[in-house]
Structure formats: structure tokens, C-alpha cells
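A.B. asks: Residue numbers (our numbering), protein chains in the order written: chain A, 28 to 187; chain B, 5 to 178.
Treat the hints with caution; some may be incorrect.
Pairs of lysine-lysine residues, derived as DSSO-like cross-links and limited to a Cα-Cα distance of at most 27 Å, are as follows [to be verified]:
#1 Lys111(B) with Lys63(A)
#2 Lys178(B) with Lys63(A)
#3 Lys159(A) with Lys60(A)
Part of the chain B face toward chain A, derived, beta carbon under 7 Å [what the hints assert, rightly or not]:
#4 Lys12
#5 Ser17
#6 Phe22
#7 Val25
#8 Phe27
#9 Tyr31
#10 Ile37
#11 Phe44
#12 Cys54
#13 Ile57
#14 Gly60
#15 Val64
#16 Lys67
#17 Ile94
#18 Leu98
#19 Met132
Hints listed in this document are in silico derivations from the structure and should not be mistaken for laboratory results. C-beta atoms are modelled at their ideal positions from N, C-alpha and C, and glycine is treated no differently.
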Amino acid sequence: MYYTYTITGLILLISFIANRGKTLKAVKISIGKFIKIFPTFIAMLILVSIILFLFPDEVISNYLGNSSKFISVLLASFFGSITLMPGFVAFPLCGILLNKGVPYMVLSAFTTTLMMVGIVTFPIEKEYFGVKVTIIRNIISFFIALIIAIITGILFREVF
Amino acid sequence: MKKNFKIKIAYISTYVLFLVVSFILGYNPGKEIAFNFISFLIYMLKILPCAFILIGLFEVWVKREVIEKHLGEESGIKGYIWVILLAGTIAGGLLVAFPVAYSLYNKGAKLSIVFTYIGAAAICRIPMTLYEASFMGVKFTAIRLLVSLPLVIITSILLGEYLTKGNYKMAEGK
Chain A
28 MYYTYTITGL ILLISFIANR GKTLKAVKIS IGKFIKIFPT FIAMLILVSI
78 ILFLFPDEVI SNYLGNSSKF ISVLLASFFG SITLMPGFVA FPLCGILLNK
128 GVPYMVLSAF TTTLMMVGIV TFPIEKEYFG VKVTIIRNII SFFIALIIAI
178 ITGILFREVF
Chain B
5 MKKNFKIKIA YISTYVLFLV VSFILGYNPG KEIAFNFISF LIYMLKILPC
55 AFILIGLFEV WVKREVIEKH LGEESGIKGY IWVILLAGTI AGGLLVAFPV
105 AYSLYNKGAK LSIVFTYIGA AAICRIPMTL YEASFMGVKF TAIRLLVSLP
155 LVIITSILLG EYLTKGNYKM AEGK
């Protein structure tokens, strides 16, 4: 996190030294864009806060650990699609689940949908790309995640 | 647009009202939801300002011709490699990828490259990948990357072609 700030700060400083006018214009553009999308971000956060309440980590862990492999893969993709978790929370959780004996393919489905499919980020994505493209992209990503899960399962000898 | 805005205001105020009432009555689910909201808000406020500053600088400094040449219609395979490297080094996942992808598109990047960028930003950010491998093992991460990247590129090309045929344009002025 600090790296990001240091690097951004440095780039901003270099830009400022190189050309003050351009840099001020850039900052104005940044603020303008941020303000435009901010209400949508808030709308998304509301969704996230409710969904995380309905499906906390414990509930997800419970479901993923206690069903048959294929049902678990489907459940995992479902949970991954509807929730939003930063990687620094998601991967330790997956590490724990792995130690509990949850198959790799289930965790693969969970992490990939978590990263690629965003039901809660829908309001933001559609602001930029439109409803149709957002739906298509998410459906494609969901199937990519399923394919990855199946191949992971095969290569870890969990299926077939 | 105006109607949309009113709905948003109504939606947000209902939510705030619900949280305030929950706190007054000591309703626990409401408190938990408020806690979720605040922790995610903080998380996002840590990442987003940097992302938007960089987007602003990108808009001002990077010439349209550069993007058109390297990521535009004529870019070829190299364009995909460039954009995957770019995605790999930017933090923040999908939320940051959307505005960045939008800026790339407006500077002349072609659609298939824009979608590849979004996919790659979701699955193969380098810091995240290292972190993932430390919990899940190198084999797991390697399989995920090697299987997903080609799929992302292929589907992005198909989606790009399909949308270009339908004269798709992204919304302006976001």
C-alpha cells in the first residue's frame, strides 16, 4: 500500500517539475472523474456491506467444506461471484480451507470468480461499459473460472 | 439521468436511515452492516485516490498516437503482451481496472485489448500472484495463470470482434 503511494507521489512530483500546467490539469481530471463515479461506488459499497453480512466467511467455509466436489465447485463459484474480498483476506482464508481438506478445484473456482466476476461491482462496470457488455463479460468470466477449476481438479488428480 | 440520480439518493438515504435506527435500537445486524460498509470504504479510499491521480496523469501525458500504435487496431500480438504487463503491475483489481480500461479505450486502444486488460488485471497482478502462491502453492497458481490467460485473450478477441461488428461505443465523459 505504501509503495503505491510513494510511487504515485514520485510520479506526480516528476510531472510537476516537468510541467506545472499539465500536472494541475491532470489533477483536475482525476478529481472530476473521481467525483463522477463516487456515488456509484457508495451504491456498490452498500450492496457489499449487506452481502458480506448475509454470507460471512464462516458461512462460506462451512458450505465449501461440507458438500460433494462438484456441488462445492458450483457453490464456490456462486460465492465468489456475489462477494467482494480483497486478496489479502481471500487467500489466507483459502489457505485455511485448504488445510481443512477443501479440494484445490473448489478453491480455484472460488478465487477465480472472486477476482473476475463481480455481481456487486455491476453498478460501476455498467457506468463505464454499458449493461450489455457488463453482463457478457461476467458470464464469460464465470465460465473461464469453471474451466480453470476443472483443469485444476484434473491436474491435482481430484477428478477423473 | 435525473431520475437515476433520484433513485440513487433514495436508495442511499434509506440505507443510512436503516443504519441510524439500528444504532439507536441496538439492532446488531444493522451494526454489522455498518461495520462492513466502513471497513470497505476505508479500504477503497486507500486505493482509489492513487488510481485516479495516475489516470489523470495518463490522460494528460500519454499521447493518443502512442496508445493507438501499441494497443490500437494495428498493434498485433505485442499489444496483448504490453497490456498484460501493464495489468500485472497495477494494484487494486477490477475496481481500479474499470476506469483505467475506460481511459485506455478513449485513447485509442482496441476493444479486445481493453477486455484483455480487465481480465489480466483481475487474475494476474504480480504482487497478488506471489501472495497467492505463498498460501496455495506454486502449482496451483501456475495452473490458474497458464489456463486463464489464453482463455482471457481468446474471449476478449471474440468479444471485441462481436462488439465492433455491432458498432459498439462506450459511454462518453465518465
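A.B. asks: Hint by hint, say whether it matches the structure.
C.D. replies: Here is what the structure says about each hint:
1. In summary, the hint linking lysine 111(B) to lysine 63(A) is supported, as the alpha carbons are separated by about 19 Å, within the 27 Å threshold.
2. The suggested pairing of lysine 178(B) with lysine 63(A) holds, with an alpha-carbon distance near 7 Å, which does not exceed 27 Å.
3. Taking the CA atoms of lysine 159(A) and lysine 60(A), the gap is near 23 Å; set against the 27 Å cutoff, the hint holds.
4. Taking 7 Å as the C-beta contact cut-off toward chain A, the hint placing lysine 12(B) at the interface holds, the least distance being around 6 Å.
5. Nearest Cβ of chain A to the Cβ of serine 17(B): about 11 Å, over the 7 Å cut. The hint is violated.
6. Annotation: interface hint on phenylalanine 22(B) violated; nearest CB of chain A at approximately 10 Å, more than 7 Å.
7. At its closest, the beta carbon of valine 25(B) sits 15 Å from a beta carbon of chain A; the interface hint therefore is violated under the 7 Å criterion.
8. Taken as an interface hint, phenylalanine 27(B) does not check out: its beta carbon lies about 14 Å from the nearest beta carbon of chain A, beyond 7 Å.
9. Interface hint at tyrosine 31(B): violated, since its Cβ lies 12 Å from the closest Cβ of chain A, which is beyond the 7 Å cut-off.
10. With 7 Å as the threshold, the beta carbon of isoleucine 37(B) comes within range of chain A, its nearest partner Cβ sitting at about 5 Å, so the hint holds.
11. The beta carbon of phenylalanine 44(B) comes within 5 Å of a beta carbon in chain A, closer than 7 Å, and the hint placing it at the interface holds.
12. Interface restraint check: cysteine 54(B) against chain A, minimum CB-CB distance 4 Å, threshold 7 Å, status holds.
13. Proximity of isoleucine 57(B) to chain A holds as hinted, the smallest CB-CB distance being about 5 Å (cut-off 7 Å).
14. This hint holds: glycine 60(B) has a C-beta 3 Å from the nearest C-beta of chain A, less than the 7 Å allowed.
15. Evaluation of the valine 64(B) hint against chain A yields a held restraint, the C-beta minimum of about 4 Å falling below 7 Å.
16. Evaluation of the lysine 67(B) hint against chain A yields a violated restraint, the C-beta minimum of about 12 Å exceeding 7 Å.
17. For isoleucine 94(B), the shortest C-beta to C-beta distance to chain A is roughly 9 Å, which exceeds 7 Å, and the interface hint is violated.
18. Of the supplied interface hints, the one on leucine 98(B) holds, with its beta-carbon coming within about 5 Å of a beta-carbon of chain A, less than 7 Å.
19. Residue-level restraint check for methionine 132(B) holds (minimum Cβ-Cβ distance to chain A is 5 Å; threshold 7 Å).
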